[in-house]
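Protein chains: 2
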Amino acid sequence: MSAPAVVVVEPQTPGNVGTIARAMKNFGFSDLKLVDPPELDRDGEAYGFAGQAREDVLPNADRVTFDEVVENYHTIGMTAITNEDCRKHTRFPFVTPAELADDLATVDTEAALLFGREDNGLRNDELERVDRIGAIPASADYSSLNLGQAATVTLYELRDLTLDETQLPDRERERAAQPAVERLHDEFSAFLDAVGHPEEKQPKTERMLRRVVGRTHPTERETSRLTGLFRKAAARLDE
Amino acid sequence: MSAPAVVVVEPQTPGNVGTIARAMKNFGFSDLKLVDPPELDRDGEAYGFAGQAREDVLPNADRVTFDEVVENYHTIGMTAITNEDCRKHTRFPFVTPAELADDLATVDTEAALLFGREDNGLRNDELERVDRIGAIPASADYSSLNLGQAATVTLYELRDLTLDETQLPDRERERAAQPAVERLHDEFSAFLDAVGHPEEKQPKTERMLRRVVGRTHPTERETSRLTGLFRKAAARLDE
Numbered sequence: 153m154s155a156p157a158v159v160v161v162e163p164q165t166p167g168n169v170g171t172i173a174r175a176m177k178n179f180g181f182s183d184l185k186l187v188d189p190p191e192l193d194r195d196g197e198a199y200g201f202a203g204q205a206r207e208d209v210l211p212n213a214d215r216v217t218f219d220e221v222v223e224n225y226h227t228i229g230m231t232a233i234t235n236e237d238c239r240k241h242t243r244f245p246f247v248t249p250a251e252l253a254d255d256l257a258t259v260d261t262e263a264a265l266l267f268g269r270e271d272n273g274l275r276n277d278e279l280e281r282v283d284r285i286g287a288i289p290a291s292a293d294y295s296s297l298n299l300g301q302a303a304t305v306t307l308y309e310l311r312d313l314t315l316d317e318t319q320l321p322d323r324e325r326e327r328a329a330q331p332a333v334e335r336l337h338d339e340f341s342a343f344l345d346a347v348g349h350p351e352e353k354q355p356k357t358e359r360m361l362r363r364v365v366g367r368t369h370p371t372e373r374e375t376s377r378l379t380g381l382f383r384k385a386a387a388r389l390d391e
Numbered sequence: 153m154s155a156p157a158v159v160v161v162e163p164q165t166p167g168n169v170g171t172i173a174r175a176m177k178n179f180g181f182s183d184l185k186l187v188d189p190p191e192l193d194r195d196g197e198a199y200g201f202a203g204q205a206r207e208d209v210l211p212n213a214d215r216v217t218f219d220e221v222v223e224n225y226h227t228i229g230m231t232a233i234t235n236e237d238c239r240k241h242t243r244f245p246f247v248t249p250a251e252l253a254d255d256l257a258t259v260d261t262e263a264a265l266l267f268g269r270e271d272n273g274l275r276n277d278e279l280e281r282v283d284r285i286g287a288i289p290a291s292a293d294y295s296s297l298n299l300g301q302a303a304t305v306t307l308y309e310l311r312d313l314t315l316d317e318t319q320l321p322d323r324e325r326e327r328a329a330q331p332a333v334e335r336l337h338d339e340f341s342a343f344l345d346a347v348g349h350p351e352e353k354q355p356k357t358e359r360m361l362r363r364v365v366g367r368t369h370p371t372e373r374e375t376s377r378l379t380g381l382f383r384k385a386a387a388r389l390d391e
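Chains as they are written, first to last, in our numbering: chain A, 153 to 391; chain B, 153 to 391.
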C-alpha cells in the first residue's frame with residue numbers, strides 16, 4: 153500500500169503540528185493534511201519543532217476539510233477513550249497501532265490516520281464517520297497522550313509500511329563465527345592453566361565462560377579481542 | 153523486575169522534561185532522574201507539558217550525577233547514531249526498544265534508561281560507560297528523533313514491564329458466538345428469498361456474505377443488529 157496520510161483535525165498549538173511533521177519524517181511519512189490549523193509561521197513553534205521536516209513535510213501540508221478526508225480515504229480515527237464493549241458502535245471495536253500495522257500491510261488502499269484536538273481529541277460525531285477506531289494502549293490511570301506523542305507512537309508502529317530501510321545497520325552477520333568463539337574458549341583454557349587455576353575446578357570454570365559467552369552473541373571484534381587478551385596473558389604468565 | 157528509572161542528561165528545554173514526565177505517567181513509569189536540568193518553574197513549560205505527571209512524576213524527580221547512575225544501575229544509553237559494525241565498541245552492538253522490552257522482562261535488575269541532550273544526545277565518553285546501547289529504528293534519511301519523542305517511543309515499547317493493565321478493555325470475548333453468526337446467515341438467506349434474488353445465484357451470494365462476515369469478527373451487537381435487519385426486511389417483503 154502507499155504510505156498513509158496523516159490528518160490533524162483542528163490542532164490548536166503550532167508546536168504539535170511541528171512535532172507531528174518531525175515524527176512523519178523520522179518514520180517515512182510525507183502526506184500531512186490539516187483541518188483548520190492555526191497560523192504556522194516560519195519563525196514560530198511549528199517550524200521550530202519540525203526538525204528537518206521544516207524543509208518538506210510541513211511546508212507541503214495540505215489544508216483539507218474533514219468531509220473530503222472521510223469521502224476519499226480509508227480512515228482510522230485515533231482516540232484514547234474507547235467504549236467498553238460492543239453495545240455502542242462509536243468507539244468499539246478498536247485496533248491498536250501494532251495491529252493496524254499488520255492489517256494495513258495486507259490491503260491495497262489509500263489510508264488516512266486522523267488525530268484530533270489537543271484537549272478533546274476527535275468528537276463522537278467525527279468518530280462515527282471514520283472506518284476504524286485506533287487506540288494506543290497506555291496506563292489505565294492516565295491513558296491520554298499528548299497529541300504529538302500519540303502521533304509519534306502511532307507512526308513509529310506503522311514504520312514498516314513506509315521505510316525500506318532504517319538508519320540501523322543489518323546485524324544478522326554480526327555474531328562471530330563459531331570457530332572464532334571456540335578459539336576463545338581454547339585460549340581461556342590455556343589461560344586457566346597458565347594462571348594456575350586448580351585443575352579440578354577448570355571444567356566448571358570453562359562451563360561458566362561458555363554460558364556467559366553463549367548468551368552475549370559476541371561480535372567478531374569482541375571475540376578476537378578477548379581471545380587475544382587471554383592468549384597474551386597466558387604467554388606472559390608462562391614467561 | 154522493577155520499573156526502569158528514566159534519566160535525562162543535561163536537558164536544555166523544560167518542555168522536553170515535561171513531555172518525558174507525561175510519557176512516563178502514560179506508560180507506567182515513575183522514577184525520573186535529571187542530570188543538571190534547567191530551571192523547572194511551576195508556571196513554565198515543564199509543568200505545562202507534563203499533563204497529570206505534574207502531580208507526581210515531575211515534582212518527585214531526583215537530581216543526580218551521571219556517575220551515580222552508571223555506578224548503581226544497569227544502564228541503557230539511547231542514541232540515534234550507532235556504529236556501523238563491530239570494529240568499535242562505543243555504539244555497537246545496539247538493541248532496539250522492542251528487543252530491550254523482551255530482554256529486561258527476563259532479568260531481575262534495577263535498570264535506567266538514559267537520554268541525552270536535545271542537540272547532541274549522549275556523548276561518546278558517556279556511551280562508553282553505559283552497559284548497553286539502545287537505538288530506535290527510524291528513517292535512514294532522518295533518524296534523529298526529538299528528545300521527548302524518543303523517550304515517548306521507548307517508554308511505549310517498554311510498557312509491558314510496568315503496566316498491569318491498560319485503559320483498553322479486554323476484547324477476547326467480543327466476537328459473537330458462532331450460533332449467532334449462523335442465525336445471521338440464515339436470516340440473510342431468507343432475506344434473499346424474500347427479495348426475489350435469483351435462486352441459481354443464491355449460493356454464491358451467501359458465500360460472499362460468509363467471507364465478509366468471516367473476516368470482520370463481528371461483535372454480538374453487530375451480529376444481532378444485522379440479523380434483525382434482514383429478518384425485518386424479509387418480513388416486510390413477505391407482507
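For the record, the hints were derived by calculation from the structure and aren't laboratory data. The reader is advised that the hints may include incorrect statements.
Treat identical chains as interchangeable: a pair holds within one or across any two.
Computed list of lysine to aspartate or glutamate pairs in EDC-like fashion (alpha-carbon distance at most 20 Å, straight line) [what the hints assert, rightly or not]: (1) K384 with D338; (2) K240 with E326; (3) K356 with D277; (4) K353 with D214; (5) K240 with E191.
Here the structure is a predicted model, which means the values were calculated and not measured.
Results of checking the hints against the structure:
no., hint, verdict
1, K384 with D338, "within (13 Å within a copy, 81 Å between copies)"
2, K240 with E326, "between (51 Å within a copy, 12 Å between copies)"
3, K356 with D277, "neither (69 Å within a copy, 36 Å between copies)"
4, K353 with D214, "neither (72 Å within a copy, 46 Å between copies)"
5, K240 with E191, "neither (37 Å within a copy, 47 Å between copies)"
Hints 3, 4, 5, counting from the list given before, are not met by this structure.
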